[in-house]
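From just these sequences and the hints, can you work out the full model?
The opening position of the sequence shown corresponds to residue 5 in this note's numbering, with each subsequent residue numbered one higher.
Derived DSS-like pairs: lysine-lysine, alpha-carbon spacing no greater than 30 angstroms straight-line:
(1) 6 x 194
(2) 90 x 194
(3) 90 x 34
(4) 90 x 57
(5) 57 x 6
(6) 34 x 57
(7) 34 x 6
(8) 6 x 90
(9) 34 x 194
Label-pair restraints from in silico Cβ distances:
(10) 61 x 130: 40 to 46 angstroms
(11) 197 x 127: 20 to 26 angstroms
(12) 95 x 157: 20 to 26 angstroms
(13) 122 x 73: 31 to 37 angstroms
(14) 146 x 192: 17 to 23 angstroms
(15) 194 x 150: 16 to 22 angstroms
(16) 91 x 196: 27 to 33 angstroms
(17) 143 x 194: 31 to 37 angstroms
(18) 70 x 29: 21 to 27 angstroms
(19) 147 x 69: 18 to 24 angstroms
(20) 130 x 95: 34 to 40 angstroms
If you're looking for bench data, these hints aren't it; they were derived computationally from the structure.
The beta-carbon is built from N, C-alpha and C at its ideal position, and this holds for glycine as well.
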Amino acid sequence: MKIGVLALQGAVREHLSMLESAGAEPLPVKRPDALEQVDGLVIPGGESTTIGKLMHQYGLMEPIRQRALAGMPIFGTCAGLILLAKRIEGTEQSHLGLMDLTVRRNAFGRQRESFEARLRVDGVADDFEAVFIRAPLIVETGPAVDVLSSVEERIVIVQEGHLLGASFHPELTDDPRLHHHFVGMVRHSKAVSA
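Next comes the structure, spelled out in structure tokens:
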């Protein structure tokens with residue numbers, strides 16, 4: 005089972021390593037032909053506006069959207085979550101618009117306000133260590149979105165069917181359990197479509 009990591013910006017190598025430790029065959033995705041080879045996709049953190057522009061430049065925005073609409077699982081972390089959301093407060097930036105969410109960019113503060121927190125993640129872990137760096141906040145969810153975790157009543161992990169989003173950087177720890185969860189989502193998706 006091949007799972008891609010959008011390799012335009014962010015902690016690509018760390019996500020590839022986490023996916024491998026979770027039992028997947030990881031593949032960097034920079035072009036549409038690589039996207040066609042994967043069963044699921046991780047969109048890492050970075051700067052969401054820049055990643056969106058690069059997705060257009062490399063011809064990936066619409067192919068990713070179409071694959072997602074056809075049921076391919078996608079896991080967006082930090083900026084990747086912003087790109088997955090249907091609504092971004094205060095901007096009309098170009099994004100995938102797949103998850104029924106409203107997000108607020110940099111809601112947890114700038115770089116110097118970065119922090120770590122231990123989270124209870126429904127169905128994944130009771131003690132997941134999360135690294136928040138210029139993290140977005142999920143301020144509103146649609147009725148089909150499951151909230152998997154919150155920090156002080158602020159939503160930080162959500163799942164909507166085959167789409168998973170996290171405000172933080174799970175790839176910056178040694179804990180692969182969230183990636184294991186995503187690999188399980190991809191495995192389930194493959195089994196259903198077989």
